[in-house]
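2 protein chains.
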Amino acid sequence: MNNNLGRKLASLAMALVFSGSVVAQEPITPIEPVKEINLAKVELGKKLFFDPRLSKSGFISCNSCHNLSMGGTDNLKTSIGHNWQQGPINSPTVLNSSMNVAQFWDGRAADLKEQAGGPIANPGEMAFTHTLAIDVLESIPEYVTEFTQVFGPDCINIDQVTEAIAEFEKTLVTPNSRFDQWLLGNADAITKHELAGYKLFKESGCVACHMGPAVGGTSFHKMGLVAPYETKNEAQGLAGVTGQDADRFKFKVPTLRNVELTYPYFHDGEAATLTEAVDIMGRLQLARKFEESELDQIVAFLNTLTGDQPSFALPMLPPSTDKTPRPTPFE
Amino acid sequence: MNNNLGRKLASLAMALVFSGSVVAQEPITPIEPVKEINLAKVELGKKLFFDPRLSKSGFISCNSCHNLSMGGTDNLKTSIGHNWQQGPINSPTVLNSSMNVAQFWDGRAADLKEQAGGPIANPGEMAFTHTLAIDVLESIPEYVTEFTQVFGPDCINIDQVTEAIAEFEKTLVTPNSRFDQWLLGNADAITKHELAGYKLFKESGCVACHMGPAVGGTSFHKMGLVAPYETKNEAQGLAGVTGQDADRFKFKVPTLRNVELTYPYFHDGEAATLTEAVDIMGRLQLARKFEESELDQIVAFLNTLTGDQPSFALPMLPPSTDKTPRPTPFE
Numbered sequence: 232m233n234n235n236l237g238r239k240l241a242s243l244a245m246a247l248v249f250s251g252s253v254v255a256q257e258p259i260t261p262i263e264p265v266k267e268i269n270l271a272k273v274e275l276g277k278k279l280f281f282d283p284r285l286s287k288s289g290f291i292s293c294n295s296c297h298n299l300s301m302g303g304t305d306n307l308k309t310s311i312g313h314n315w316q317q318g319p320i321n322s323p324t325v326l327n328s329s330m331n332v333a334q335f336w337d338g339r340a341a342d343l344k345e346q347a348g349g350p351i352a353n354p355g356e357m358a359f360t361h362t363l364a365i366d367v368l369e370s371i372p373e374y375v376t377e378f379t380q381v382f383g384p385d386c387i388n389i390d391q392v393t394e395a396i397a398e399f400e401k402t403l404v405t406p407n408s409r410f411d412q413w414l415l416g417n418a419d420a421i422t423k424h425e426l427a428g429y430k431l432f433k434e435s436g437c438v439a440c441h442m443g444p445a446v447g448g449t450s451f452h453k454m455g456l457v458a459p460y461e462t463k464n465e466a467q468g469l470a471g472v473t474g475q476d477a478d479r480f481k482f483k484v485p486t487l488r489n490v491e492l493t494y495p496y497f498h499d500g501e502a503a504t505l506t507e508a509v510d511i512m513g514r515l516q517l518a519r520k521f522e523e524s525e526l527d528q529i530v531a532f533l534n535t536l537t538g539d540q541p542s543f544a545l546p547m548l549p550p551s552t553d554k555t556p557r558p559t560p561f562e
Numbered sequence: 232m233n234n235n236l237g238r239k240l241a242s243l244a245m246a247l248v249f250s251g252s253v254v255a256q257e258p259i260t261p262i263e264p265v266k267e268i269n270l271a272k273v274e275l276g277k278k279l280f281f282d283p284r285l286s287k288s289g290f291i292s293c294n295s296c297h298n299l300s301m302g303g304t305d306n307l308k309t310s311i312g313h314n315w316q317q318g319p320i321n322s323p324t325v326l327n328s329s330m331n332v333a334q335f336w337d338g339r340a341a342d343l344k345e346q347a348g349g350p351i352a353n354p355g356e357m358a359f360t361h362t363l364a365i366d367v368l369e370s371i372p373e374y375v376t377e378f379t380q381v382f383g384p385d386c387i388n389i390d391q392v393t394e395a396i397a398e399f400e401k402t403l404v405t406p407n408s409r410f411d412q413w414l415l416g417n418a419d420a421i422t423k424h425e426l427a428g429y430k431l432f433k434e435s436g437c438v439a440c441h442m443g444p445a446v447g448g449t450s451f452h453k454m455g456l457v458a459p460y461e462t463k464n465e466a467q468g469l470a471g472v473t474g475q476d477a478d479r480f481k482f483k484v485p486t487l488r489n490v491e492l493t494y495p496y497f498h499d500g501e502a503a504t505l506t507e508a509v510d511i512m513g514r515l516q517l518a519r520k521f522e523e524s525e526l527d528q529i530v531a532f533l534n535t536l537t538g539d540q541p542s543f544a545l546p547m548l549p550p551s552t553d554k555t556p557r558p559t560p561f562e
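For the record, the sequence lines run as chains W and V.
The opening position of the first sequence corresponds to residue 232 in the numbering used here, with each subsequent residue numbered one higher.
The opening position of the second sequence corresponds to residue 232 in the numbering used here, with each subsequent residue numbered one higher.
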C-alpha cells in the first residue's frame, strides 16, 4: 500500500469514527474547516479583494461582484462592469470556490489564482491592466511592506497579487450548515420535510452532478440535457475553451452551498427563484416534472445548505500616496 | 445658574482635570467617544448602509461612495452614480459627520437622518424611490423582524430607514489620533516637525475655519475668499439653498479628520494631493503663499489627524425572498 492511499484510508476511517458512519454513506459530504493557510497572505489577499484601486475606475473591487455580504455574489442576472457595461454571464459565488474543479462557468481558469487575474484586466469588468494595477500597489508603502513580508523583497508582481487573493478566497468556506450538522450525526438538525427533500434530491438524480462537499463544482454538464434550454444568453460554455462542438452549452455544475443566498440562478441568471430553478432542472436535465409539493421539499432541503458565512472585520485599505496613479473612471 | 449651564461647566472642569488643561487652550479638541447609542438601531443601520438593494440597480450602497475601507469616501474627484453617471460633487467623508453643523457641501440637509434619504432617491446616485426601497425591505422577513424590534410593529417607513442609517453613522467617529493623544497630554505622540506644522496651522489662520473636534464642519465659507477659485464645477454652494447671491461658492468647511485618507480634496475633488490643497487654501483663503518647507510641516501635522477607523465585522445581509422586487440595473 503506498503512503498516499494509506493516509486516505486512515482519514476515511477517522471520518467514520467521527461521524458515526453517516458521512461515508451520503453523496454529499460536510465542508471541512480550512487548514494550512498562510495568514499573512490571507490578510494581504483580503485587502486586495476589497480594493477598488485594482480597477481603472477606482470603483470596482472583487467584492463588487462577489459581495461577501450577499453570499459572495452580486445577486444580479449578469454583472455590472466598467462604465456600467452589462456582463455576459452570472457572477458565480466565491464561497467554497476552492472546491471547484476549475474556475469560471466554462472552466477556463484552472484554479483561483488563475481566475483572480481575469476580471482585473477584462475590459468589460475592472478594465485595468496588470501593469497598471502593479504600479498602483508599488506606490503604496504599506502594500510594499506587506508584499515584502509575504513574498520577500522582490518587486510586486501580478502572480503575487493573484496568489494572495486566492489564499484569501481559500478561507471563504461555509461549514456548519444545518445539513452538515445532520451529516455529522445530529438527527434533529433538519426537519422531516427537509429530509424528504434530500431523499427526493438523491432519488431523482440531482446528486449525479450536485455531490461532494460543495454539492457541485466538480464536473461539466450540458445545460438542457433532455430538452433544450431556451436563452438569449450567448455563452457557449466549455466549447469556448476546448473548441469541441460537443462541449457547446456544457457549463460547470455550480455549487449548491448557500444557494439560498446566490439568486438568481443559472449561467444566464434567468431563474429568479430557487423553485423555478429546481423545476427547470427537473424538466431539462432529468426529464422529470416535479409536483409543487416536491419542489417545496427540495427547496426546503436546499435552504439547509446555508453555512456559516465568513466573518471578519471590514479591511482598512492603506491610503494612496502623492505618487499613486489616480483612477480614471470617466476617460 | 440653570441646570444646563451647570452641567456644561462641570464637564469643562472635568475636561481640564483630565487633560492637564491642554484641551481647553487649543482650538482643536479631541474626538469624544460615542455615547448614548441604540445598539440594535446601529446594527440595523449598518446593514442598510451596506445594502445595495436600496438602489435601483442593486449595485450601489451607501458604502459605495462612502467606503469605510477608504476613510468613508470613494477617493474619486466626483462619484459614480446609477448607469455610471458622473456625480456633480466630491463625496464628503461619512467619518465624524455627526459633528457637522449640517450635511452635504451646501448644507441642504439639517442632519444625518435627513441626508440619508437623499442619495437613495437621487436619479444620479442610487436612482431608486423611497417607496420602492421600502417595498424591498418589507419583503425580507429578517428586516421586518429587525425593524419591529427597533421601531415597534408598524410598517417599515423611510423615516425609520434613515434614522437607523444615521444611528450607525453616529458610531463612525475616529478617536485616538496621534494629535488627540497629544491634546490629551502625551507630549511624545507627535514629532517636533508635526508640532511646528500645527503651530503654523494656527498662526496662519487655518483654525479660523478648521477648529473644534472635527477640525471643520461647523461653518460655511466662500471658496476663494481673497482670490477667485477657478473650477469647471458648477456647484453654487449655500446659494442653492438660501437663494442669496452672497452665498455663492460658500461651502461647508470640510472636516480635516482623517484627511490623509479622504483625497482628492475640495468640493470639486480637483486637488489631488494634500500639499496642493494646503497651498491653494493658503493663497486663496489666507492670502499667504506657504513655502515648501511650511507646506511640509502643515501636511505632516494634518497626517496626525488620522484616528482609529471604525472596526466591525462585515455585515451579512438578509437574503431576498421570492417576493422581493428584483433590481433593474439595465432598464
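Note that these hints are calculated values from the structure, not bench results.
Where hints are given, some of them may not hold.
Identical chains share a label here; the pair holds if one copy fits it or two copies do between them.
Result set (DSSO-like, lysine-lysine): computed pairs, CA atoms no more than 30 angstroms apart in a straight line [as the list claims (entries may be wrong)]:
(1) 430 <-> 554
(2) 554 <-> 423
(3) 554 <-> 433
(4) 266 <-> 423
(5) 344 <-> 430
(6) 463 <-> 554
(7) 520 <-> 433
(8) 554 <-> 520
Here is how each hint holds up against the structure:
In this homomeric assembly, residue 430 and residue 554 come within 30 angstroms of each other (Cα to Cα) only across copies, at 27 angstroms, whereas the closest approach inside a single copy is 60 angstroms. Within a single copy, residue 554 and residue 423 get their C-alpha atoms only as close as 62 angstroms, which misses the 30 angstroms cut-off; across copies the closest is 25 angstroms, which meets it. Taking the shortest alpha-carbon separations for residue 554 and residue 433, only the inter-copy value of 28 angstroms comes in at or below 30 angstroms, while the best intra-copy value is 58 angstroms. In this homomeric assembly, residue 266 and residue 423 never come within 30 angstroms of each other (Cα to Cα): the closest approach is 33 angstroms inside a single copy and 48 angstroms across copies.
In this homomeric assembly, residue 344 and residue 430 never come within 30 angstroms of each other (Cα to Cα): the closest approach is 36 angstroms inside a single copy and 50 angstroms across copies. When the C-alpha separation of residue 463 and residue 554 is checked against a cutoff of 30 angstroms, the pair qualifies only between copies, where the shortest distance is 25 angstroms, while the shortest distance within a copy is 46 angstroms. For the identical chains of this complex, residue 520 and residue 433 are intra-copy neighbours only, at 15 angstroms inside a copy versus 77 angstroms across copies, given an alpha-carbon limit of 30 angstroms. For the identical chains of this complex, residue 554 and residue 520 are inter-copy neighbours only, at 23 angstroms across copies versus 62 angstroms inside a copy, given an alpha-carbon limit of 30 angstroms.
Consistency with the previously given hints fails for numbers 4, 5, ordered from lowest to highest.
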